[in-house]
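Asker: Modelling step: build the complete structure from the supplied sequences, incorporating the hints.
Residue numbers (my numbering), protein chains in the order written: chain A, 1 to 275; chain B, 1001 to 1118.
It should be emphasised that the hints constitute simulated quantities derived from the structure, not laboratory data.
Even for Gly, the Cβ is constructed at its ideal location relative to N, Cα and C.
Please note that a few of the clues may not be correct.
Unchecked claim - As a list, the in silico EDC-like pairs of lysine to aspartate or glutamate whose alpha-carbon atoms are at most 16 Å apart:
| hint | chain 1 | residue 1 | chain 2 | residue 2 |
| --- | --- | --- | --- | --- |
| 1 | B | K1056 | A | D212 |
| 2 | B | K1056 | A | E213 |
| 3 | B | K1063 | B | E1080 |
Said to hold, decoys possible - Between beta-carbon pairs, the in silico distance windows are:
| hint | chain 1 | residue 1 | chain 2 | residue 2 | range |
| --- | --- | --- | --- | --- | --- |
| 4 | A | A166 | B | N1035 | 19 to 29 Å |
| 5 | B | Q1112 | A | L34 | 41 to 51 Å |
| 6 | B | P1067 | A | L52 | 15 to 25 Å |
| 7 | B | A1059 | A | W220 | 22 to 32 Å |
| 8 | A | C48 | B | E1088 | 52 to 62 Å |
| 9 | B | A1059 | A | L52 | 26 to 36 Å |
| 10 | B | K1056 | A | L263 | 43 to 53 Å |
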Amino acid sequence: MLAALLIVFREVFEAGLIVGIIMAVTAGVPGRGLWVSAGVAAGVIGACVVALFTGGLSQLFGGSGQEVFNAGILSFAVIMLTWHNVWMARHGRELAAELKAAGEAVVAGSKSLAALAVVVAIAVLREGSEVVLFLYGVAAAQGGASWGMAFGGCIGLVLGSLVCLATYLGLVTIPTRYLFGVTSTLIAFLAAGLAAQAIAFLQQAAIVTSLDETVWDTSWLLSDSSLLGRALHTLIGYVDQPTAMQLIVYAATLATIVVLMKLFSASPRHRPQAA
Amino acid sequence: MSEGAPVRIAVGFAALLAVAAICRAEPTRADDTTNLSITLKDHQFEPAELHAPAGKPIAIHVKNLNPIVSEFESGDLHFEKIVPVGTEAVVYVRPLQPGRYNFYDDFHHATQGYLVVP
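Answerer: Following this line, the structure appears as structure tokens:
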């Protein structure tokens, strides 16, 4: 029971941090509840599908199927987050300023919501597939699901969801005029961390082999397997022993997002005519 | 206008991937890789301790003979990999400094093992 509680909590906690941020990012946008829920639902279904096909997935790419798959979906999440930030840099001001054109803004805003829903789905899928595999494994070993396991899992789910709620409530206390800046920054670091994680998977599979020396070791200060370490790993990509390649990808992703945001927010006066 | 954004971002990432591909172009997976084999059985690693030389890349082949799925994981060695029942998986470890590195089954924490680099 305790094992089920711990594993479920850990995974829901990690996905919950991301979902909490995205709830805060989209606070006040009509229809966001539906999009986020759809993302969670898609993630849960995806997790079950991935868990079901883990055996087959592992055998792909010369035994590195899992790593390639993880790197792929993480990269996709990075692209979605980048696009969201760039989109907000361009339209955020209009969105906030012109409540009159709300109808129009919602239609346009839903594009960005869709990108974020994809990120939610990927976060839930990644963490959820481990939960499914673990619970299935325990159930198989016991010769069936037990009440203890279900109970532990439920407590883990509730505790993990509280983290999600706390993240959201914490972020929405930030005054609206700062919220955009804060969430854009959070999303940029989140994206950079995910990109570095994608590279770590490619290194684990020996697909990326260059620049694999460890640059520093801060495991004595904060281990990335501790709870705080895990939280920072999810949020900003903290790793206690990063490789040079991970750092380069991290910095490059961050720089790309900042440059693209600057590039696309260049003409605040510009107002595209609906054709 | 906004239609151009995803395209440009995609191009940016394609460029990044290209850089990664070029970095990769050096001789991949050098022949001096140390191959190690380990088995998961009755929730024990067999052998419980692996040995490898320092400064050379390592490949650990892990076979899961437990009746349930395992997650072969190590914080010290930076890998995590699901190993379904009855299958063999391989993880690659970057060249190491001398030391004693811990790995475990993340789905069954009592299952612990070590990689010793003299």
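Asker: For every hint, state whether the structure bears it out.
Answerer: For each hint, the structure was consulted:
no., hint, result
1, K1056/B x D212/A, "12 Å, holds"
2, K1056/B x E213/A, "11 Å, holds"
3, K1063/B x E1080/B, "14 Å, holds"
4, A166/A x N1035/B: 19 to 29 Å, "46 Å, violated"
5, Q1112/B x L34/A: 41 to 51 Å, "45 Å, holds"
6, P1067/B x L52/A: 15 to 25 Å, "18 Å, holds"
7, A1059/B x W220/A: 22 to 32 Å, "28 Å, holds"
8, C48/A x E1088/B: 52 to 62 Å, "25 Å, violated"
9, A1059/B x L52/A: 26 to 36 Å, "28 Å, holds"
10, K1056/B x L263/A: 43 to 53 Å, "44 Å, holds"
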